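The task is simple: from the sequences and hints, build the whole structure.
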Amino acid sequence: MARSRYGREDVEHYERPRRRTRPRTKDRPTYDDAVRGRVVTVDRGRFTLLVDGRTVMAMKARPLGRKGVVVGDRVKVVGDVSGDDGSLARIVEVEKRSTTLRRTADDDDPVERVIVSNAEQLVIVTALADPEPRTGLVDRALVAAYVSGMKPVLCLTKADLADPDAFLSTYRSLGVPWVVTQRGGDLEEVRGLLAGRTSVLVGHSGVGKSTLVNALVPDADRETGHVNAVTGRGRHTSTSAYLLALPESWGTGADGAEGWIIDTPGIRSFGLAHVDPETLIETFPDLDEATEDCPRGCTHGGDEPECGLDEAVTEGTVDPDRVESFRRLLAARSEPAW
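If you count the sequence shown from 1, you need to add 117 to reach this note's numbering.
Worth double-checking, as some hints may not be accurate.
Stated by the list, open to error - Now the in silico label distances, taken between C-beta atoms and shown as ranges:
no. : residue 1 : residue 2 : range
1   : Asp282    : Thr434    : 26 to 34 Å
2   : Lys184    : Glu305    : 39 to 47 Å
3   : Ala246    : Pro294    : 18 to 26 Å
4   : Gly301    : Glu212    : 27 to 35 Å
5   : Arg163    : Leu278    : 37 to 45 Å
6   : Ala246    : Pro402    : 20 to 28 Å
7   : Pro294    : Asp393    : 24 to 32 Å
8   : Ala374    : Lys184    : 20 to 28 Å
To be verified - Dumping the calculated BS3-like pairs for lysine-lysine here, alpha-carbon to alpha-carbon at most 27 Å:
no. : residue 1 : residue 2
9   : Lys193    : Lys213
10  : Lys193    : Lys177
11  : Lys213    : Lys184
12  : Lys268    : Lys213
13  : Lys213    : Lys177
In short, the hints are calculated from the structure, not lab data. Note that the coordinates shown come from a computational prediction; the quantities given were computed from them, not determined experimentally. Backbone N, C-alpha and C define an ideal beta-carbon position, used for all residues, glycine too.
See below:
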């Protein structure tokens, strides 16, 4: 008869107690007491929210899993929403987003990243000089705006250093609204474009985004930097996206909506791996109609032998400058922003 490995006096001999755990249930909390808030900024897993005018710190509830929470999100929150020092609430639900600004890390990256949500306008800020304007990022940002359903706006800074006409001539056929600013200049036209809307500002480092934000929202206190004389590139000053309320004196939109701007860090790449030619051309209804008889797989680029856009230009049914601008945006999907 085989002997037991353990004697009766050994602790391991005795039966281990069963784990006492609560049975799983399909019932989930209803969070009837949740309040609504909006995400102002995100920092290492902690979220700064605005809840009824109070600044509240929160974390994401476990049931949300890997669901991302980004600046601009409208959320439901439970827990301590007093905003007192040391208080911490929980985000339990992310409400449906009206728009999302997405990009990939580079053009070979299949993973889309949502940068901000619920913005109506994408304000593309570029300097006319110091640093020199680079159309690569502007074109890519326009693509991102069109496919996300956001209205693009060009904001040209440092007009005291260069004439904007040459740069604007490149984009007039697209019908993109634009505004020109300079340090210390009148910002009334900019206020008119932003009032009552939620706008996200994007651009290279050093183009004057943070300077513009500080002029528009006096208590924003966004750090400003300078342009490197050797590389012609700006130094990153803003390190994370930040949602700011526009002054109440600006008024609200036609629907009573408040005005907000989202300042984003200066970017040096804007991957568009998630955008395909068909998605882009659908945002140009006049051009999309001209491509109905294109061969299967046609990219609508300038090197396509039987593209309907070329036929439409020959027949005079579409503006050739508009087709050229569209194809430049199409090419921007695979060209570096710098």
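Consistency of the hints with the structure:
{"no.": "1", "hint": "Asp282 <-> Thr434: 26 to 34 Å", "in the structure": "holds (29 Å)"}
{"no.": "2", "hint": "Lys184 <-> Glu305: 39 to 47 Å", "in the structure": "holds (41 Å)"}
{"no.": "3", "hint": "Ala246 <-> Pro294: 18 to 26 Å", "in the structure": "holds (22 Å)"}
{"no.": "4", "hint": "Gly301 <-> Glu212: 27 to 35 Å", "in the structure": "violated (40 Å)"}
{"no.": "5", "hint": "Arg163 <-> Leu278: 37 to 45 Å", "in the structure": "holds (40 Å)"}
{"no.": "6", "hint": "Ala246 <-> Pro402: 20 to 28 Å", "in the structure": "violated (36 Å)"}
{"no.": "7", "hint": "Pro294 <-> Asp393: 24 to 32 Å", "in the structure": "holds (26 Å)"}
{"no.": "8", "hint": "Ala374 <-> Lys184: 20 to 28 Å", "in the structure": "holds (26 Å)"}
{"no.": "9", "hint": "Lys193 <-> Lys213", "in the structure": "holds (11 Å)"}
{"no.": "10", "hint": "Lys193 <-> Lys177", "in the structure": "holds (11 Å)"}
{"no.": "11", "hint": "Lys213 <-> Lys184", "in the structure": "holds (12 Å)"}
{"no.": "12", "hint": "Lys268 <-> Lys213", "in the structure": "holds (19 Å)"}
{"no.": "13", "hint": "Lys213 <-> Lys177", "in the structure": "holds (16 Å)"}
Hint violations for this structure: numbers 4, 6, all remaining hints satisfied.
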